[in-house]
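With the hints as constraints, model all of the structure from the sequences given.
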Amino acid sequence: MTDQALPLSTTRTERRTTRAFNFPHLAGRTALYLLLSIAAFVSIFPFFWMIVSATNTAADINTGKATFGTALWDNTVAFFTQVDAPRIFWNSAFLAIVGTVLTLAVSSLAGYGFEMFKNRFRERIFGLLLLMLSIPFAALMVPLFIMMANFKLINTYAAILLPAIASIFIIFYFRQATKAFPSELREAAKIDGLNEWQIFLFIYLPVMRSTYAAAIIIVFMANWNNYLWPLIVLQTNEQKTITLVIQSLSSAYYPDYGVVMVGTVLATLPTLIIFFLLQRRFVEGMLGAVK
Amino acid sequence: MAQAKLARDEQLNGWLFIMPALVLVGIFMIYPILWSLWMSFQTGRGMNFSFGGLANIERLTQDPVFQRALTNTLIFLVIQVPIMLVLALLFATALNDSKLWGRSFFRTAIFLPCVTSLVAYSILFKSMFAVDGVINDFLMTTGLVGSPIPWLSDPFWAKVVVISAITWRWTGYNMIFYLAAMQNIDRSIYEAAKIDGIPAWARFWYITVPMLKPVILFTSVISTIGTLQLFDEVNTITLGGPSDSTLTLSLYIYNLTFKFMPSFGYAATVSYVIVVLVGILSFFQFVVARDRSK
Numbered sequence: 001m002t003d004q005a006l007p008l009s010t011t012r013t014e015r016r017t018t019r020a021f022n023f024p025h026l027a028g029r030t031a032l033y034l035l036l037s038i039a040a041f042v043s044i045f046p047f048f049w050m051i052v053s054a055t056n057t058a059a060d061i062n063t064g065k066a067t068f069g070t071a072l073w074d075n076t077v078a079f080f081t082q083v084d085a086p087r088i089f090w091n092s093a094f095l096a097i098v099g100t101v102l103t104l105a106v107s108s109l110a111g112y113g114f115e116m117f118k119n120r121f122r123e124r125i126f127g128l129l130l131l132m133l134s135i136p137f138a139a140l141m142v143p144l145f146i147m148m149a150n151f152k153l154i155n156t157y158a159a160i161l162l163p164a165i166a167s168i169f170i171i172f173y174f175r176q177a178t179k180a181f182p183s184e185l186r187e188a189a190k191i192d193g194l195n196e197w198q199i200f201l202f203i204y205l206p207v208m209r210s211t212y213a214a215a216i217i218i219v220f221m222a223n224w225n226n227y228l229w230p231l232i233v234l235q236t237n238e239q240k241t242i243t244l245v246i247q248s249l250s251s252a253y254y255p256d257y258g259v260v261m262v263g264t265v266l267a268t269l270p271t272l273i274i275f276f277l278l279q280r281r282f283v284e285g286m287l288g289a290v291k
Numbered sequence: 001m002a003q004a005k006l007a008r009d010e011q012l013n014g015w016l017f018i019m020p021a022l023v024l025v026g027i028f029m030i031y032p033i034l035w036s037l038w039m040s041f042q043t044g045r046g047m048n049f050s051f052g053g054l055a056n057i058e059r060l061t062q063d064p065v066f067q068r069a070l071t072n073t074l075i076f077l078v079i080q081v082p083i084m085l086v087l088a089l090l091f092a093t094a095l096n097d098s099k100l101w102g103r104s105f106f107r108t109a110i111f112l113p114c115v116t117s118l119v120a121y122s123i124l125f126k127s128m129f130a131v132d133g134v135i136n137d138f139l140m141t142t143g144l145v146g147s148p149i150p151w152l153s154d155p156f157w158a159k160v161v162v163i164s165a166i167t168w169r170w171t172g173y174n175m176i177f178y179l180a181a182m183q184n185i186d187r188s189i190y191e192a193a194k195i196d197g198i199p200a201w202a203r204f205w206y207i208t209v210p211m212l213k214p215v216i217l218f219t220s221v222i223s224t225i226g227t228l229q230l231f232d233e234v235n236t237i238t239l240g241g242p243s244d245s246t247l248t249l250s251l252y253i254y255n256l257t258f259k260f261m262p263s264f265g266y267a268a269t270v271s272y273v274i275v276v277l278v279g280i281l282s283f284f285q286f287v288v289a290r291d292r293s294k
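Chain order of the listed sequences is H and Y. Using the numbering used here, read the first sequence as starting at 1 and increasing by one per residue. Using the numbering used here, read the second sequence as starting at 1 and increasing by one per residue.
This list has only true hints and no planted wrong ones.
Straight-line distance between alpha carbons at most 30 Å, and here's what the computed DSS-like set of lysine-lysine pairs gives:
#  : chain 1 : residue 1 : chain 2 : residue 2
1  : H       : Lys179    : Y       : Lys213
2  : H       : Lys118    : H       : Lys190
3  : Y       : Lys194    : Y       : Lys99
4  : H       : Lys179    : Y       : Lys5
5  : Y       : Lys5      : H       : Lys190
6  : H       : Lys118    : Y       : Lys5
7  : Y       : Lys259    : H       : Lys152
8  : Y       : Lys194    : Y       : Lys213
9  : H       : Lys190    : H       : Lys179
10 : Y       : Lys259    : Y       : Lys159
11 : H       : Lys118    : H       : Lys179
12 : Y       : Lys159    : H       : Lys65
13 : Y       : Lys99     : Y       : Lys213
Chain Y stretches covered by chain H per the calculated footprint, using a threshold of three residues with CB under 8 Å from any CB of chain H:
#  : stretch
14 : 10-18
15 : 103-113
Keep in mind that the hints were calculated from the coordinates and are not lab data. Cβ coordinates follow ideal geometry from the N, Cα and C atoms, glycine included.
This is the structure in structure tokens:
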């Protein structure tokens, strides 16, 4: 369909010039750009819609007005009066940041441990963990909920944080990444008299910082956007996260979409900023699992 | 002597490093999943359980709402996952051309939806697909349809909206996996094929697709697991409606547990249906992938 692998040699320019008059090729190229442009437009339009709608009244949004309006200020004021925004953002940020730190600490330790200290039993355990990677959360939520109720942890952040700390995916991710960690570094540090924990803290951590960066992005995003489990566990408005709040605003019988869109913009902004600042790392993080 | 101590330390450290994670996995994954299995043999409402044997499985066979949820989930799976993966493969092939103009712009644009949270993009889709909303507005102005499509109030169109939404969110994600894998394919294979006069479509089908097979398998397994757990989108866009036409298994489990008078045993049984489906489908995908490599 596309000439994705033109020869890299000198024939390239030659081919190009002869091809310029090649009608089927030209038509193919045009179709290709048309397809990609449509895909790009479809991908970006909802973002445009989100931003435009934050400046429009609910009535305009409902009738499909796709141009900038003048209601941004009113929508923002309405959002901040309907919702205790600072509190909500603090909740989201707290859960996302503390959750990320705990998950990385425990799961990177385990990934390192599995790779560095190999033995038969631990390999079996690791195999079992990989198998559990495919267990859907839906199968866990009912017993987890009863468990949290028994522990009297409903409506606490502990209930959100605890089950997420040991992430099998992140353990797997770190184990894969650790394969690239030079074992000479560990041997040298041992000769210098460092114990295993010091090696992990002072040698491994700094060397693997790009792996940590990618993992931070993955876990932070997952925590910030988490919906189902917080929906089940958090019950009072003071505890809720931005994701829960915009969902409940939008599920009103007559949702005020102008207000909802302000909330949606604010909820999306942090992840959008992280993406544009750390684009490469972001994509690397997403790819981590298949290396 | 010193050797033995070193070996012992090594063993001890090996366990200590993984212990915190193992304890947490044990408490918050292994224990609940076993408990859930036990629960699926219990009947009763609220916290009053009694052993019911296979009563819950019998109830599954007589529960029209469960059957609708199962059918919907499988429809989403069978239609959405192939469309998304084919599109992702198509875009990846197009963007793998290093001489493509605007390549990084297109790549970033198609990947951008992955940045949104499931709830946020669902809200956007819900508002765009309102009866008088921007999508109908566009379709009517361009004359593609004569009267507004009842997107969210018609069982068929509601499914279409959910499928389009998921495809929008995840196509770029899968594309990135394919692009990364394509960069590892040795270009000289394509050159050789070109010199032999093999047309582009055949190069794609007989070189690219087989080379990408492990990644295609990986993406189809994770997409299958994801779609079988579909919750955030349907709970936000349609609440499972109209008349349960977009009700998914996860949403049904949620409703059984937290909306109605809780029926934990039965909810656990429904959740095991997802576990079994994930198991069967992953196994099936592995078998298909292995057969084709022979």
